[in-house]
Amino acid sequence: LWSNNIGDEGAKALANALANNASLQTLDLAENNIVDKGAKALANALANNGSLQTLDLSSNKIGAEGATALANALASNESLQTLQ
Numbered sequence: 001l002w003s004n005n006i007g008d009e010g011a012k013a014l015a016n017a018l019a020n021n022a023s024l025q026t027l028d029l030a031e032n033n034i035v036d037k038g039a040k041a042l043a044n045a046l047a048n049n050g051s052l053q054t055l056d057l058s059s060n061k062i063g064a065e066g067a068t069a070l071a072n073a074l075a076s077n078e079s080l081q082t083l084q
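Taken in order, the sequence shown gives residues 1 to 84; the numbers are from UniProt numbering.
Warning: the hint list may mix true and false statements.
[Stated by the list, open to error] Here are the computed lysine-lysine pairs in the PhoX-like style, where the Cα-Cα straight-line distance is at most 20 Å:
hint, residue 1, residue 2
1, LYS37, LYS61
2, LYS37, LYS12
3, LYS61, LYS12
Simulated from the structure, these hints should not be mistaken for laboratory data.
Construct all of the structure, not just a fragment, from the sequences and the given hints.
In structure tokens form, the structure reads like this:
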């Protein structure tokens with residue numbers, strides 16, 4: 001889903017799907033105009049997802065608030081190996 005301009009609303013919708021998905025292993029959300037709100041939604045999903053191994057959020061505009069939420073989610077996520 002690289003460079004599809006999904007923004008925070010799209011990130012929230014994907015987060016809802018991700019929270020209930022047990023098979024997706026890679027998700028590329030680079031260059032999608034995601035900021036803190038979308039990053040926090042994705043972080044909430046990551047806290048409960050056990051299948052995602054790679055998440056690319058590069059070239060978005062995630063600030064300190066979103067980055068902190070993602071870092072906190074990683075404390076309980078045992079599957080994610082790569083976060084860009």
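Going down the list of hints, with the structure as the test:
The suggested pairing of LYS37 with LYS61 holds, with an alpha-carbon distance near 11 Å, which does not exceed 20 Å. Between the alpha carbons of LYS37 and LYS12 the distance comes to roughly 8 Å, so the proposed pair stays at or under 20 Å and holds. Our distance criterion of 20 Å between C-alpha atoms is met by LYS61 and LYS12, whose separation comes to about 15 Å.
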